[in-house]
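> Chains B and C: place on chain A using the hints.
One letter stands for each residue in the lines below.
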Amino acid sequence: MAKILAVDDSASMRQMVSFTLKGAGYEVVEAVDGKDALQKAQAGKADLVLTDVNMPNMDGISLVKQLRSLPNYKFTPILLLTTESAPEKKQEGKSAGATGWLVKPFNPDQLLTTIKKVLG
Amino acid sequence: MSAAQRNDAEMASTVQQDTEQYLTFILAGQEYGVDILRVQEIKGWDKVTPLPNTPEYVRGVINLRGTIVPIIDLRQRFRLETISYGPTTVVIMLKVLSEAGQRIMGVVVDGVSEVYNVSANDIKAAPELGEHVDAEVVRGLATVDGKMIILVDIDKLLAESSLLAVKK
Amino acid sequence: MTFDMKQFLLTFFEESFEGLDVMESALLNLDVGAADAETINTIFRAAHSIKGGSATFGLSQVSVFTHSVETLLDEMRNGKRAVTRDNVDLLLKSVDCMREMLQAARDGGQFNADKAAAITTELEIVLGKIPGARSPSVAKSQDNTATGHGWKISLVPHADMLKTGNDPIRMFRELQGLGKLEVKLDATKLPALVDLVPEDIFISWDIVLRGDATLAQVKEVFDWVEGDCELNIVPLGVVATTELAQQDSAASAPGTLTAVPKPDDRRHADDRRASPERRGPAATADAGSIRVAIDKIDALINMVGELVITQSMLHQLGTEFDMSRLAKLQEGLGQLERNTRELQESVMRIRMLPISFAFNRFPRMVHDLSQKLNKKVELKMSGEQTELDKTVMEKIGDPLVHLVRNSIDHGVETPAARRAAGKADVGTVHLNAFHQGGNIVIEISDDGAGIDKHRIRKKGIERGLLAETDVVSDERIYELIFEPGFSTAEIVSDVSGRGVGMDVVRRNIKDLGGTVDIRTELGVGTTFTIRLPLTLAILDGQLVRVGKETYILPLTSIVESLQIKRDSVNIIAGRSEVYRLRDEYLPIVRLYRLFGQNPDSEQLEGALLVIVEGDGKRIGLLVDDLLNQQQVVIKSLESNFAKVTGISGATILGDGRVALIMDVAGLIKSSKDLPPQSGTKDWISKNATVAA
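Chains as they are written, first to last, in my numbering: chain A, 1 to 120; chain B, 1 to 168; chain C, 1 to 692.
Looking at chain A on its own, in the form it has when it is part of the complex:
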């Protein structure tokens, strides 16, 4: 049962992502911002991290950087949820160590396809 850490400050987005992933058989842990996510990531190893970029307390890019500095998250797939199609944001994410991204708005099917691609 693969475990996914879903991070977004929007409750409705979290709900949608959680519902979609759980329905496909994944275990989901939710976090409301980067700080919360970091704590939860250390409390229990996730197989994949899905995070929004714009969040209070710690944004997505910083979260990626922090996660990559943890020994057991060095190679964990981390995907950014972004609405910006501007190249700099993606580049920023990648430089921070993100595996890839998913552009908002996306529908649940797209989410599942992408997750499947990564987790197999």
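To be clear, the hints were calculated from the coordinates, so they are not data collected in a lab. Here the structure is a predicted model, which is why all the values come from computation and not from measurement. Please note: incorrect hints may appear among the correct ones.
To be verified - Pairs of lysine-lysine, PhoX-like flavour, derived with a Cα cap of 25 Å: (1) C:Lys-380 to C:Lys-395; (2) A:Lys-45 to A:Lys-22; (3) C:Lys-163 to A:Lys-3; (4) A:Lys-35 to A:Lys-3; (5) C:Lys-635 to B:Lys-43; (6) A:Lys-65 to C:Lys-163; (7) C:Lys-296 to C:Lys-390; (8) A:Lys-3 to A:Lys-65; (9) A:Lys-22 to A:Lys-117; (10) B:Lys-43 to C:Lys-548; (11) C:Lys-80 to A:Lys-89; (12) C:Lys-395 to C:Lys-510; (13) C:Lys-643 to B:Lys-156; (14) B:Lys-47 to C:Lys-548; (15) C:Lys-635 to B:Lys-47; (16) A:Lys-35 to C:Lys-635; (17) A:Lys-117 to C:Lys-184; (18) C:Lys-328 to C:Lys-93; (19) C:Lys-180 to A:Lys-116; (20) C:Lys-163 to A:Lys-40; (21) A:Lys-89 to C:Lys-163; (22) A:Lys-117 to C:Lys-152; (23) B:Lys-95 to C:Lys-643; (24) A:Lys-89 to A:Lys-65; (25) A:Lys-22 to C:Lys-6; (26) A:Lys-74 to A:Lys-3; (27) B:Lys-47 to C:Lys-643; (28) B:Lys-95 to B:Lys-156; (29) A:Lys-3 to A:Lys-40; (30) C:Lys-395 to A:Lys-116; (31) A:Lys-45 to A:Lys-74; (32) C:Lys-80 to C:Lys-93.
To be verified - Computed footprint of chain B on chain C, listed as stretches where at least three residues anywhere in the stretch have a Cβ under 8 Å from a Cβ of chain B: (33) 297-303; (34) 633-640; (35) 645-653.
As the list claims (entries may be wrong) - Example chain C residues on the side facing chain A (calculated, C-beta under 8 Å, incomplete): (36) Thr-11; (37) Glu-15; (38) His-48; (39) Thr-164; (40) Asn-166.
All C-beta atoms in this analysis are idealised placements derived from N, C-alpha and C, irrespective of residue type, glycine included.
Below, chains B and C without anything else, positioned relative to chain A:
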């Protein structure tokens, strides 16, 4: 075989759809029946808190497990002679339906009689019953065991409009 | 789309409206001269969330509109655009528009599309550009040229490609889905074991993919590692045109990178879906639900736990009881009483929300109103965390609005007038809330002109509410403001209306079981004080005995109680009895007659009279005895019976008996022969004869 047993036997052999069950009660020697499905419970008589600006037959209200329920004296409602309440006096809690929804109301009667099965065929229209009982509140007459039972429509009997006419 | 997004819409709407509130209050707090970066960020994030969420949940019009707002905010937070008063006002207008659009989406109504378009144009003008980058451009993928054979792909990862969590295996899996895959590994670059850095990758691959896959599809597989590797994609059967391929991957135009299907189609689908998807239920945001802090629920659970323990203890006692255990029983019952009371208080608290929800609309309102009236007003709020019942709060909203409007309109003077009076230019309106006893007290004060008692008195005489010669207390004069149609404003502004407001304000407050008072000083200011019970279902009651029965009077309606002195009683027109109390004449109501009870005595001398007030009038109620005061739970008479004149409800006393709660306002209305206005001596002396 008692009347009840005979009835039950009949019940077993007849088609159920047209048959309804009625709880009968006594008022001044006359037996009346109400649809059993409308009977919530039966209690003994207990003190009541009187309400001002209401007809005489609305005796007042009681506390039924936290809900306020009005109590109506049927003898007074039918303008029969009133008697003093005693140990056999009974209050039947009924579910009354109206446009506004369901209300629980209690009616004071002399005593409770039986539960009978009455098939729709056996209910005859009521002729003029005199000055006591409004024809409007009577569903019909049924004959069970050689007795005449007046079947009452409680929704009409306890309709809100009739309960508020202030008697002066 | 196979999933049904509707279930998340409710949460989305809730959080979006909250987000709009956050935006609004942050915008109002923004110091135009020295804008705080964190505040701008907060506003940006809120707009960003709404944009993303509305797009995800199919509300494309909202998303498109919000995009321009977000862009402006983005520029502001990046320092690329100044925070000016005009920009802030434009943003406030945008927030209003977004709110309207979301409300329309939620309730199935319409929003003003022209207004939205106008605001969008304004935003675009400010942004100085044509709407661009709205959504990933429909750049058709570069090359759909499939040769029909396949592709030859050379993948040479940079040493640190794995550090982003990417794995070539996944890419191969994906490619397998696109056609027939052949992979050849090149390990020539592998260093000696001793030099090997385990986290780096030194392997490269030559891949052949046969099939109908398009270039775009193949490139997409390597989207995420673009830049972390050397990628060379060449059509099978074509000799190296490496340059082209490399250019493609380097150009990385937005169109090819999106994992999202073509935006245009999506938008059409959204619009079509957007209309039938309208939900029509709740007209108000409340729709009967409430957010409860977890700690309140935990407290409740604890209390129920204690109740269960007490119950089993009593049960135990009950099964083996004898008189020697009486003390234990009483102790247990005492505990039961405590548990139940605590549980009751706990449950009540669930319906309680901080009054900030009601206060929150005021910063904006004061801002707009003071601009409109050319006055300078500062709004101060305190005690916003004071809690009150959700329903009470909903109903107190309108009265509060009216009182605040009133303060700004009639209370606070223009800057010029203030200066002339030696006051600061900026007037203050202060909203304060706190608990007192079982009530919540809300004060609305201003440091404005105060209320002119003489003008009110004059108006009262003009209206026939008062006679020239009447001696009335100041308090009573100020209360005249609450009479219907009373307004001393020379110019009736459309803001607070023709004084139709005040009487409705008082009535609304009374309906909630509360009271409203005025304290004012000419030239200094005015304070309105609203007192409300903490919940609607509970009443502070005074128990009284009339005959054999116990009745309840709402404590808030009682003015005072006294023993009647015969010579203070007058009889009017041979029938009605009035009692002279200081400078007033109050009708005496013999409750036993109204309730059909037998009183202890019919004599007035020495009898107990309870003076009650309702709707501005006072009457005296004759009772046999004053009993205790207690909180009672109001039970409806109407649910199983009907509305009874003179009675507003019932309650169940400790002994299980039902006690009726008197409807004071109703009693006052139904008691006949009231003098036109209590207090007019002339009328009394004309009509009264002293009691024999």
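> Work down the list of hints and note, for each, if the structure agrees.
Evaluated hints:
Of the supplied pair hints, the one linking Lys-380 of chain C and Lys-395 of chain C holds, its CA atoms being roughly 22 Å apart against a limit of 25 Å. For the hint linking Lys-45 of chain A to Lys-22 of chain A, the alpha-carbon distance of about 17 Å falls within 25 Å, and the restraint holds. With a CA separation close to 20 Å, the supplied pair Lys-163 of chain C and Lys-3 of chain A stays within the 25 Å bound. With a CA separation close to 19 Å, the supplied pair Lys-35 of chain A and Lys-3 of chain A stays within the 25 Å bound.
With a CA separation close to 22 Å, the supplied pair Lys-635 of chain C and Lys-43 of chain B stays within the 25 Å bound. Restraint check: the Cα-Cα separation between Lys-65 of chain A and Lys-163 of chain C comes to about 11 Å, which is no more than 25 Å; the hinted pair holds. Between Lys-296 of chain C and Lys-390 of chain C, the direct Cα distance comes to roughly 15 Å. Compliance with the 25 Å bound is thereby established for this hinted pair. At most 25 Å may separate the alpha-carbon atoms for a hinted pair to count; Lys-3 of chain A and Lys-65 of chain A meet this at roughly 20 Å.
Among the hinted pairs, Lys-22 of chain A with Lys-117 of chain A is consistent with the structure: their alpha-carbon atoms are about 17 Å apart, no more than 25 Å. Restraint check for Lys-43 of chain B and Lys-548 of chain C: satisfied, since their Cα atoms lie roughly 24 Å apart, inside the 25 Å limit. Of the pairs offered as hints, the one joining Lys-80 of chain C and Lys-89 of chain A holds, with about 17 Å between alpha carbons and a cut-off of 25 Å not exceeded. A distance of roughly 11 Å separates the Cα atoms of Lys-395 of chain C and Lys-510 of chain C; the hinted pair therefore holds under the 25 Å criterion.
For the hint linking Lys-643 of chain C to Lys-156 of chain B, the alpha-carbon distance of about 19 Å falls within 25 Å, and the restraint holds. The suggested pairing of Lys-47 of chain B with Lys-548 of chain C holds, with an alpha-carbon distance near 12 Å, which does not exceed 25 Å. Distance hint between Lys-635 of chain C and Lys-47 of chain B is fulfilled; the C-alpha atoms sit about 18 Å from each other, no more than 25 Å. This hinted pair does not check out: Lys-35 of chain A and Lys-635 of chain C have alpha carbons roughly 49 Å apart, beyond 25 Å.
With a C-alpha separation of about 22 Å, the suggested pairing of Lys-117 of chain A with Lys-184 of chain C holds against the 25 Å cut-off. Between Lys-328 of chain C and Lys-93 of chain C the alpha-carbon distance is near 68 Å, which puts this suggested pair outside the 25 Å criterion. Note on Lys-180 of chain C and Lys-116 of chain A: the hinted pairing holds, with a Cα-Cα distance of about 20 Å set against a maximum of 25 Å. The suggested pairing of Lys-163 of chain C with Lys-40 of chain A holds, with an alpha-carbon distance near 21 Å, which does not exceed 25 Å.
At most 25 Å may separate the alpha-carbon atoms for a hinted pair to count; Lys-89 of chain A and Lys-163 of chain C meet this at roughly 18 Å. Annotation: proposed proximity of Lys-117 of chain A to Lys-152 of chain C holds, straight-line Cα distance about 22 Å (limit 25 Å). Between Lys-95 of chain B and Lys-643 of chain C the alpha-carbon distance is near 19 Å, which keeps this suggested pair within the 25 Å criterion. Distance restraint check for Lys-89 of chain A and Lys-65 of chain A: the Cα-Cα separation of roughly 14 Å lies within the 25 Å cut-off, and the hinted pair is therefore satisfied.
Distance hint between Lys-22 of chain A and Lys-6 of chain C is fulfilled; the C-alpha atoms sit about 17 Å from each other, no more than 25 Å. Among the hinted pairs, Lys-74 of chain A with Lys-3 of chain A is consistent with the structure: their alpha-carbon atoms are about 16 Å apart, no more than 25 Å. Between Lys-47 of chain B and Lys-643 of chain C the alpha-carbon distance is near 22 Å, which keeps this suggested pair within the 25 Å criterion. Pair hint Lys-95 of chain B plus Lys-156 of chain B holds up; C-alpha atoms about 12 Å apart against a cutoff of 25 Å.
For the hint linking Lys-3 of chain A to Lys-40 of chain A, the alpha-carbon distance of about 12 Å falls within 25 Å, and the restraint holds. Of the supplied pair hints, the one linking Lys-395 of chain C and Lys-116 of chain A is violated, its CA atoms being roughly 51 Å apart against a limit of 25 Å. For the hint linking Lys-45 of chain A to Lys-74 of chain A, the alpha-carbon distance of about 12 Å falls within 25 Å, and the restraint holds. Simply put, Lys-80 of chain C and Lys-93 of chain C have alpha-carbon atoms about 21 Å apart, close enough for the 25 Å limit, and the pair holds.
Look at the stretch 297-303 of chain C against chain B: 0 of its residues bring a Cβ nearer than 8 Å to a Cβ of that chain, fewer than three, so the hint is violated. A count of 5 residues in the stretch 633-640 of chain C with a Cβ less than 8 Å from any Cβ of chain B is obtained; the coverage claim is therefore met, three being the minimum. Three residues within the 8 Å Cβ limit are the bar, and the stretch 645-653 of chain C against chain B gives 5, so the coverage statement holds. Interface restraint check: Thr-11 of chain C against chain A, minimum CB-CB distance 4 Å, threshold 8 Å, status holds.
Interface hint at Glu-15 of chain C: satisfied, since its Cβ lies 5 Å from the closest Cβ of chain A, which is below the 8 Å cut-off. For His-48 of chain C, the shortest C-beta to C-beta distance to chain A is roughly 5 Å, which falls under 8 Å, so the interface hint holds. Using the Cβ-Cβ criterion of 8 Å, the hint placing Thr-164 of chain C at the interface with chain A is satisfied: the shortest such distance is roughly 5 Å. Against a cut-off of 8 Å between C-beta atoms, the interface hint on Asn-166 of chain C holds, since the closest Cβ of chain A lies about 5 Å away.
The structure is inconsistent with the numbered hints 16, 18, 30 and 33, although it conforms to all the rest.
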